[in-house]
Amino acid sequence: METKNSEAFVKKIQGWLGYKNLKTVEHVGTSGGLAIFWKDNLLVDFLFVDKNIIDMKVSDGVKSWLVSCVYGDLVTSLRPLVWDKIYSFGRSRSEAWFMIGDFYAILSNDEKLGGPVRELSSFIPFQSFLENCDVT
Amino acid sequence: MASSGNGFTWGGVRNKQWIQCKLDRCFGNPAWFDLFSSAHQWFPEKIGSDHKPVLVKFTTDKELFSKQFWFDKRWAEDPSFFQVIQDAWQGNNSRKFKSVVERAADCKQAIGVWKNKIWSNSEIRIKRLRKELAAQDASLTPCFQRISVIKRELAIAFREEEVFWRQKSQEKWLNDGDRNTKNFQASVKADGVKNSLQFLVDDNGIDQFSDCKKGEIAVKYFSDLFKSVHTNQVSVFLHNFQPRVTETMNQDLAKPISPTEIRQAAFSISS
Numbered sequence: 001m002e003t004k005n006s007e008a009f010v011k012k013i014q015g016w017l018g019y020k021n022l023k024t025v026e027h028v029g030t031s032g033g034l035a036i037f038w039k040d041n042l043l044v045d046f047l048f049v050d051k052n053i054i055d056m057k058v059s060d061g062v063k064s065w066l067v068s069c070v071y072g073d074l075v076t077s078l079r080p081l082v083w084d085k086i087y088s089f090g091r092s093r094s095e096a097w098f099m100i101g102d103f104y105a106i107l108s109n110d111e112k113l114g115g116p117v118r119e120l121s122s123f124i125p126f127q128s129f130l131e132n133c134d135v136t
Numbered sequence: 137m138a139s140s141g142n143g144f145t146w147g148g149v150r151n152k153q154w155i156q157c158k159l160d161r162c163f164g165n166p167a168w169f170d171l172f173s174s175a176h177q178w179f180p181e182k183i184g185s186d187h188k189p190v191l192v193k194f195t196t197d198k199e200l201f202s203k204q205f206w207f208d209k210r211w212a213e214d215p216s217f218f219q220v221i222q223d224a225w226q227g228n229n230s231r232k233f234k235s236v237v238e239r240a241a242d243c244k245q246a247i248g249v250w251k252n253k254i255w256s257n258s259e260i261r262i263k264r265l266r267k268e269l270a271a272q273d274a275s276l277t278p279c280f281q282r283i284s285v286i287k288r289e290l291a292i293a294f295r296e297e298e299v300f301w302r303q304k305s306q307e308k309w310l311n312d313g314d315r316n317t318k319n320f321q322a323s324v325k326a327d328g329v330k331n332s333l334q335f336l337v338d339d340n341g342i343d344q345f346s347d348c349k350k351g352e353i354a355v356k357y358f359s360d361l362f363k364s365v366h367t368n369q370v371s372v373f374l375h376n377f378q379p380r381v382t383e384t385m386n387q388d389l390a391k392p393i394s395p396t397e398i399r400q401a402a403f404s405i406s407s
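Taken in order, these protein sequences are the chains called Y and C. Anchor point for the first sequence: position 122 equals 122 in my numbering, and the numbering is continuous, going up by one each time. With positions in the second sequence counted from 1, the corresponding number in my numbering is that position plus 136.
In short, the hints are calculated from the structure, not lab data. Each residue gets a CB set at the ideal place from its N, CA and C atoms; glycine is no exception. Heads up, some of the hints might be wrong.
[Claimed, not checked] Cβ-Cβ distance ranges computed for the label pairs, FRET-style: (1) Y:Phe123 x C:Lys244: 51 to 57 Å; (2) C:Glu289 x Y:Glu119: 37 to 43 Å; (3) Y:Ser88 x C:Glu298: 40 to 46 Å; (4) C:Gln245 x Y:Lys12: 42 to 48 Å; (5) Y:Glu95 x C:Arg266: 34 to 40 Å.
[To be verified] In the BS3-like style, the derived pairs of lysine-lysine whose C-alpha atoms are separated by at most 30 Å in a straight line are: (6) C:Lys182 x Y:Lys51; (7) C:Lys244 x C:Lys182; (8) C:Lys209 x Y:Lys57; (9) C:Lys287 x Y:Lys112; (10) C:Lys356 x Y:Lys63; (11) C:Lys182 x Y:Lys112; (12) C:Lys193 x C:Lys253; (13) C:Lys356 x Y:Lys51; (14) C:Lys349 x Y:Lys12; (15) Y:Lys20 x C:Lys350; (16) C:Lys182 x C:Lys193; (17) Y:Lys51 x Y:Lys23; (18) C:Lys209 x C:Lys244; (19) C:Lys267 x C:Lys287; (20) Y:Lys85 x Y:Lys63; (21) C:Lys349 x Y:Lys112; (22) Y:Lys39 x C:Lys356; (23) C:Lys209 x C:Lys350; (24) C:Lys363 x C:Lys193; (25) C:Lys267 x Y:Lys112; (26) C:Lys363 x Y:Lys39; (27) Y:Lys20 x C:Lys349; (28) Y:Lys23 x C:Lys193; (29) Y:Lys12 x C:Lys182; (30) Y:Lys39 x Y:Lys11; (31) C:Lys234 x C:Lys251.
Just chain Y, with the same shape it has in the complex (with noise of 0.2 Å):
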């Protein structure tokens, strides 16, 4: 999630919600900002951590995956290498994967609600993007 907060503010909040564990990713400004809560069932890796990516591998004991959590960058110009960075140590991967978070894009104009319309090639990087992951 987007914090926009210290992580004095998110510990805080960790308290609250009782989670154990806690990973936070400092906010820059008044923007951006990441924490990704988690419980004491689960063993958590960190793989990668930037302000727009948190990746890692999650094990319940059992089973494990990996999960992106994505914050698509603020500057539509760097949306892209987001992606790119995403694609990167994504694109080998055959194990359980899926990615959550604020992309910060859409696919169409159907995911639209009022405003002009998007020029189609507009959504091309975010498709292809999620078409090379193998996701849905």
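Model the placement of chain C on the given structure of chain Y, informed by the hints.
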């Protein structure tokens, strides 16, 4: 991934126009769907942000007992509640004689009507406000003034709810021995999830998280606990003992219970 609800997770004003987009969601690869075939995503209302959260459930485990009638102790603190029970029990509208079971059923029904019409607590307010907020969210022309009023009222209701459960769970639950399950569950929740039974380990050493599987493990554990495993060895241990129960006595004890005996036993209990 399959989803339920309104997936337009973001709403904002751009160039004086209200715009909504599906920005937040979840995707999985084929191997992930093999692992969690019933995974599903939801989009709860926007409350503290201009985005809706994405809620993903990995397994479906429907709450089995959600439709059962539970007596909520908070009702008893409402002055109008006593009258509801009294009227229903005495059956003021009917001259027909009614049994205790019928009266109890009447009370249950009257409580249901009263609960929906009159009874208002933070929980109900939260439900109503969240529904209204979701409707505003989905609207193409939301009323921003109304949304801020809803959010303010929600904040108050959430706080009341939290205070209520904290008090109930810590002060009353154990002392009163109240069997209200929802109350108990909430008290566990308020305790920071410390006491919840998140998983049970089955015979193969695998952690099971679903309520259904946890139930099976618990049933098996207690069935095995009360089952004797080494029945053959008992006779070895008892080899040199002189029996105190004669064969005739044993036959008498092992005989099936007769209705007469049940009747005698039942009527010998003093009231």
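Comparing the hints with the structure gives:
{"no.": "1", "hint": "Y:Phe123 x C:Lys244: 51 to 57 Å", "verdict": "holds, 56 Å"}
{"no.": "2", "hint": "C:Glu289 x Y:Glu119: 37 to 43 Å", "verdict": "holds, 42 Å"}
{"no.": "3", "hint": "Y:Ser88 x C:Glu298: 40 to 46 Å", "verdict": "holds, 44 Å"}
{"no.": "4", "hint": "C:Gln245 x Y:Lys12: 42 to 48 Å", "verdict": "holds, 46 Å"}
{"no.": "5", "hint": "Y:Glu95 x C:Arg266: 34 to 40 Å", "verdict": "holds, 37 Å"}
{"no.": "6", "hint": "C:Lys182 x Y:Lys51", "verdict": "holds, 23 Å"}
{"no.": "7", "hint": "C:Lys244 x C:Lys182", "verdict": "violated, 36 Å"}
{"no.": "8", "hint": "C:Lys209 x Y:Lys57", "verdict": "violated, 45 Å"}
{"no.": "9", "hint": "C:Lys287 x Y:Lys112", "verdict": "holds, 24 Å"}
{"no.": "10", "hint": "C:Lys356 x Y:Lys63", "verdict": "holds, 24 Å"}
{"no.": "11", "hint": "C:Lys182 x Y:Lys112", "verdict": "holds, 17 Å"}
{"no.": "12", "hint": "C:Lys193 x C:Lys253", "verdict": "violated, 33 Å"}
{"no.": "13", "hint": "C:Lys356 x Y:Lys51", "verdict": "violated, 48 Å"}
{"no.": "14", "hint": "C:Lys349 x Y:Lys12", "verdict": "violated, 34 Å"}
{"no.": "15", "hint": "Y:Lys20 x C:Lys350", "verdict": "holds, 23 Å"}
{"no.": "16", "hint": "C:Lys182 x C:Lys193", "verdict": "holds, 19 Å"}
{"no.": "17", "hint": "Y:Lys51 x Y:Lys23", "verdict": "holds, 12 Å"}
{"no.": "18", "hint": "C:Lys209 x C:Lys244", "verdict": "holds, 14 Å"}
{"no.": "19", "hint": "C:Lys267 x C:Lys287", "verdict": "holds, 12 Å"}
{"no.": "20", "hint": "Y:Lys85 x Y:Lys63", "verdict": "holds, 26 Å"}
{"no.": "21", "hint": "C:Lys349 x Y:Lys112", "verdict": "violated, 41 Å"}
{"no.": "22", "hint": "Y:Lys39 x C:Lys356", "verdict": "holds, 27 Å"}
{"no.": "23", "hint": "C:Lys209 x C:Lys350", "verdict": "holds, 29 Å"}
{"no.": "24", "hint": "C:Lys363 x C:Lys193", "verdict": "violated, 38 Å"}
{"no.": "25", "hint": "C:Lys267 x Y:Lys112", "verdict": "holds, 22 Å"}
{"no.": "26", "hint": "C:Lys363 x Y:Lys39", "verdict": "violated, 36 Å"}
{"no.": "27", "hint": "Y:Lys20 x C:Lys349", "verdict": "holds, 25 Å"}
{"no.": "28", "hint": "Y:Lys23 x C:Lys193", "verdict": "holds, 21 Å"}
{"no.": "29", "hint": "Y:Lys12 x C:Lys182", "verdict": "holds, 21 Å"}
{"no.": "30", "hint": "Y:Lys39 x Y:Lys11", "verdict": "holds, 14 Å"}
{"no.": "31", "hint": "C:Lys234 x C:Lys251", "verdict": "holds, 24 Å"}
Of the numbered hints stated above, those contradicted by the structure are hints 7, 8, 12, 13, 14, 21, 24 and 26, listed in ascending order.
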